[in-house]
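Between the sequences and the hints, there should be enough to build the whole structure, so can you do that?
Residue numbers (my numbering), protein chains in the order written: chain A, 1 to 115; chain B, 1 to 118.
I should point out that these hints are in silico values taken from the structure, not numbers from a laboratory. Think of the CB as a built atom: it goes at the ideal place given N, C-alpha and C, for glycine as much as any other residue. Some hints could be false.
Pair ranges (Cβ atoms, derived) [said to hold, decoys possible]:
(1) Tyr-95/B to Gln-2/A: 20 to 28 Å
(2) Ser-31/A to Ile-15/B: 39 to 47 Å
(3) Ala-81/A to Ile-15/B: 46 to 54 Å
(4) Pro-9/A to Ala-82/B: 26 to 34 Å
(5) Gly-43/A to Ala-82/B: 21 to 29 Å
(6) Asp-26/A to Asn-65/B: 28 to 36 Å
Below are the DSBU-like pairs computed for lysine-lysine, each with C-alpha atoms no more than 35 Å apart in a straight line [as the list claims (entries may be wrong)]:
(7) Lys-70/A to Lys-44/B
(8) Lys-57/B to Lys-110/A
(9) Lys-9/B to Lys-57/B
(10) Lys-73/A to Lys-57/B
(11) Lys-57/B to Lys-3/A
(12) Lys-14/B to Lys-44/B
(13) Lys-9/B to Lys-3/A
(14) Lys-70/A to Lys-114/A
From chain A, some residues computed to sit far from chain B (all C-beta separations above 10 Å) [as the list claims (entries may be wrong)]:
(15) Ala-18
(16) Gln-57
(17) Leu-84
(18) Ser-87
(19) Ala-88
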Amino acid sequence: AQKITQTQPGMFVQEKEAVTLDCTYDTSDPSYGLFWYKQPSSGEMIFLIYQGSYDQQNATEGRYSLNFQKARKSANLVISASQLGDSAMYFCAMRTGGSQGNLIFGKGTKLSVKP
Amino acid sequence: NAGVTQTPKFRILKIGQSMTLQCAQDMNHNYMYWYRQDPGMGLKLIYYSVGAGITDKGEVPNGYNVSRSTTEDFPLRLELAAPSQTSVYFCASSYLPSQGQESTDTQYFGPGTRLTVL
Chain A
1 AQKITQTQPG MFVQEKEAVT LDCTYDTSDP SYGLFWYKQP SSGEMIFLIY
51 QGSYDQQNAT EGRYSLNFQK ARKSANLVIS ASQLGDSAMY FCAMRTGGSQ
101 GNLIFGKGTK LSVKP
Chain B
1 NAGVTQTPKF RILKIGQSMT LQCAQDMNHN YMYWYRQDPG MGLKLIYYSV
51 GAGITDKGEV PNGYNVSRST TEDFPLRLEL AAPSQTSVYF CASSYLPSQG
101 QESTDTQYFG PGTRLTVL
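Now the structure itself:
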């Protein structure tokens, strides 16, 4: 079965510090993509970062990086230098090669950045 | 560039009423999706479309219908609203190249429609 697991319902981080949000996945498909989305309190879903299963290097986008450990089936999101505006829900999602592009989402992690 | 637009933003329905949630994208994406997000949960796929005239069921299709007559539009229809359909509905679109090609196919989401059924 294909599944995304986010084990941290909530996380706190001090402003300007780095934080890691955990995500593990389960699939038998050799081709897949992993995504992270941010959902602020306003409700919209904002794409942050993507990692393909065949990518050799970890993806980075500004202050966001994805710690991809294929053997452990983990795709943790690292946010460096946290800002107050980073407070939001964060969702990990997976798209498998045979899924017609459909995304499977985890339950999310609520990140709160403290001043 | 508007991206993905959804109307209405909010709606309250009575049990048994019907309505259509509108979704449009101007990015010429071939794939479109409808998700629902229940409180405290991630998104679940209701229906998706790989192109005009082609739709298919997702994880939670019961109580909904869709159509895709054009590339741009992908409306979601609720025929007999039930309290269990109280949720936030997101439409999304992406571009997928030919089968077998690796791509980022990032899904871009609309702002959502918050629906309450009383």
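A quick look at each hint next to the structure:
The beta-carbon spacing between Tyr-95/B and Gln-2/A, approximately 22 Å, falls within the hinted interval of 20 to 28 Å. Distance hint check: the CB atoms of Ser-31/A and Ile-15/B are about 44 Å apart, consistent with the given range 39 to 47 Å. Hint check: Ala-81/A to Ile-15/B, Cβ distance near 49 Å, so the stated range 46 to 54 Å holds. Distance hint check for Pro-9/A and Ala-82/B: the Cβ-Cβ separation is about 28 Å, which falls inside the suggested range of 26 to 34 Å.
A C-beta distance of roughly 23 Å is found between Gly-43/A and Ala-82/B, which places it inside the suggested range of 21 to 29 Å. Between Asp-26/A and Asn-65/B the beta carbons are some 31 Å apart, a value that agrees with the proposed interval 28 to 36 Å. Annotation: proposed proximity of Lys-70/A to Lys-44/B holds, straight-line Cα distance about 25 Å (limit 35 Å). For the hint linking Lys-57/B to Lys-110/A, the alpha-carbon distance of about 30 Å falls within 35 Å, and the restraint holds.
Between Lys-9/B and Lys-57/B, the direct Cα distance comes to roughly 24 Å. Compliance with the 35 Å bound is thereby established for this hinted pair. A distance of roughly 28 Å separates the Cα atoms of Lys-73/A and Lys-57/B; the hinted pair therefore holds under the 35 Å criterion. For the proposed pair Lys-57/B and Lys-3/A, the alpha carbon gap of about 18 Å is at most 35 Å, so the pair holds. About 23 Å separates the Cα atoms of Lys-14/B and Lys-44/B, which keeps this hinted pair within 35 Å; it holds.
Taking the CA atoms of Lys-9/B and Lys-3/A, the gap is about 30 Å. The hint holds against a cut of 35 Å. The straight-line distance between the Cα atoms of Lys-70/A and Lys-114/A is roughly 32 Å, inside the 35 Å bound, and the hint therefore holds. Ala-18/A, annotated as away from the interface, keeps every beta carbon of chain B farther than 10 Å; the closest lies near 24 Å. Distance check on Gln-57/A: its Cβ is at least 14 Å (rounded) from any Cβ of chain B, clearing the 10 Å threshold; non-interface status holds.
The beta carbon of Leu-84/A sits about 22 Å from the closest Cβ of chain B, which is more than 10 Å, so the claim that it is off the interface holds. With a least CB separation of 17 Å from chain B, Ser-87/A remains clear of the 10 Å interface cut-off, as annotated. For Ala-88/A, the shortest C-beta to C-beta distance to chain B comes to about 14 Å, beyond the 10 Å cut-off, and the non-interface label holds.
Checked against the numbered hints above, the structure violates none of them.
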